[in-house]
Amino acid sequence: MTDHRGLGQGDIASGAAAAEPRIALTATPFVTAIALSPIITMGLVVVTMRRALELAIPGRTGVDAGDLGVVQIASLVLWIGTVVLAWLDHRTLRDRGVDRPFPWGWSIIGPLVYLIGRSVVVRRRAGGSAAPLWLYLGLTVLGFAVAMIVVVSSGVPTP
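Residue numbers (my numbering): 26 to 184.
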């Protein structure tokens with residue numbers, strides 16, 4: 026007697042389980058580091074603003090050129106670090122089998138752009154979570170609130 030089942034139906038009919046599509050692990054330490062970057066930014070803002078208020082003298086801006094230079098260098102290092110982390114995240118996702126992960130080059134614009142794009146792509150292609158994006162947004166809002174509280178609570182010295 027001939028087998029009239031179609032190609033590949035024999036395995037399912039005989040009771041063997043069908044192979045489920047492999048879902049790639051989309052959480053990487055690199056995207057977590059990008060999502061936690063507002064903590065560093067918050068620290069820079071708080072330190073700079075407090076220093077500016079401590080040095081507040083009528084007729085001065087309150088911030089020395091050296092202080093601004095340190096903040097600019099720290100910001101540049103953070104920006105370069107974000108781009109490198111996005112590249113490492115992209116490479117890791119590709120190695121884990123995510124089809125066409127979000128391009129790391131978008132991180133040049135900023136971490137928020139990369140995290141939004143990555144979240145959309147990971148959700149559509151691998152069923153991943155948008156947790157890094159929400160962590161980044163939450164820390165940004167929290168950081169803004171903490172920075173404002175610290176700055177306002179330090180007060181402006183009166184002569």
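Keep in mind the hints are simulated off the structure, nothing from the lab. Just to be clear, a hint being listed does not mean it is correct.
To be verified - Each pair of labels, with its calculated beta carbon distance range:
| hint | residue 1 | residue 2 | range |
| --- | --- | --- | --- |
| 1 | L93 | L50 | 33 to 43 Å |
| 2 | V72 | G135 | 19 to 29 Å |
| 3 | A156 | G91 | 34 to 44 Å |
None of the values given here were measured: they were computed from a predicted structure. C-beta atoms are modelled at their ideal positions from N, C-alpha and C, and glycine is treated no differently.
Item to check | Indices of hints not satisfied (ascending) | outcome: none
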